[in-house]
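Chains as they are written, first to last, in the numbering used here: chain A, 153 to 302; chain B, 600 to 826.
Read the hints as simulated data drawn from the structure, not as lab findings. All values derive from a computational prediction rather than experimental measurement. From the three backbone atoms N, C-alpha and C, an ideal C-beta is built for every residue, glycine too. Don't take every hint at face value.
What the hints assert, rightly or not - Covered stretches of chain B, going by a simulated chain A footprint (3 or more residues, C-beta under 8 Å):
id : segment
1  : 603 to 609
2  : 637 to 646
3  : 657 to 667
4  : 708 to 720
5  : 727 to 737
6  : 758 to 772
Unchecked claim - Covered by chain B, per the in silico footprint, the following chain A stretches (three or more residues, Cβ under 8 Å):
id : segment
7  : 157 to 165
8  : 231 to 244
9  : 275 to 283
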Amino acid sequence: MNGDQMMRAHSASLPAPQFENPAWVTPVALASARVAIVTSAALYAVGDEAFSAGDTGYRLIDRDRRDLVLGHWSPNFDQMGVKMDLNVVYPIDRLEELAAQGIIGSVAPRHVSFAGNQPDDVSTIRLDTGPSAAAQLRQDGVDVVILTPV
Amino acid sequence: MSVLAHIFEAAGIATVVLSSVREVAQKVAPPRALHCEFPLGRPLGIPNDVEFQMDVIRRAFALLNEPSGPVLVDHPVVIEADEQPVSCAIPPRFDATLPPSVDEARGLKRAYNRALERRGVTSVGRAITSDEVPNALAVLHAIANGQDWTTAEIPGGNVMALCHDIRTYYEEAALELIDGPAPGGRAMENWFFETTEAGKTVLGARTAMKDAGAKFPMWFYMAPGNR
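The shape of chain A in the complex, shown without the other chains:
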């Protein structure tokens, strides 16, 4: 079994949090939507606080920052794709292009990064830091987020 197969099998075997009565938002038209990226790659801007092992917090990334450090602690995924092209994890330039083409309304001024290596119950993210990050994006008028996993 290769590395990706092993990690996928391991992830599939873990207990998964359940959400009863999940929310459903009917979005505004994409051409008028403000879009943000939420990633779990533990990216952070140079000068911002690094992610610690088991960090349940998040970092906000300003729209114009490209000097991002990969702060993820797991050795079990490819780390070079994002170093060759940030957009393979954090598609900020693609969003800018889509905004310029009028396909999306606008690019959010701030984006969100969590660390994907988390305790199985993800209770802190679920109850504390996740809602906090969402509130920050709501302040910025974000209508739609695209979530990119690592």
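Given the coordinates of chain A, work out where chain B should sit on it, guided by the hints.
Same frame as chain A, but now just chain B:
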């Protein structure tokens, strides 16, 4: 990611997830997910391929038109990780009095510096600086060859972070030493662990620490789990 989708949706923001593990997306059932069977760590699929990345995003945003959910759709393209090491020349031996990995790491310093200058950012620095990589390898070399790891004064104090920095130093340096299209997922990892002296040193120290009774997380996360 699927958990965060529920949280953001509950806050009033419409979400779409690029799923990387289909079973998790099925179980957690975020409102909208596009499953992307791409190498882990590359949710948009292919570095430097604007058209492919745009295709992924367009398919993801198309799910926003669904009237109800949860919706889980597969991207039609599957990209396997590359299990072959990337072809990357390693500097020849320079000082035969040094352990091979120490000599090798010194030889890669110029390539690492070029990578840092070009990219303007590095992920080395979690436990040690790039200048400390050769000495860190000397310590791991000693552990791999019988020194008691508990008295070895492992630089940075966190062996998992230390091994991250060593591997990252090599992989970032290698970016300056390879030509052609972007290597596939895992090709750099395979190069590091299967062809470099540093990779052998890390795996040797890891085995020695495991055999000497180091706690599981300490030795296990020095390298990917399938090694």
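Hint numbers not upheld by this structure, sorted from lowest to highest: Hint 5 contradicted; others consistent.
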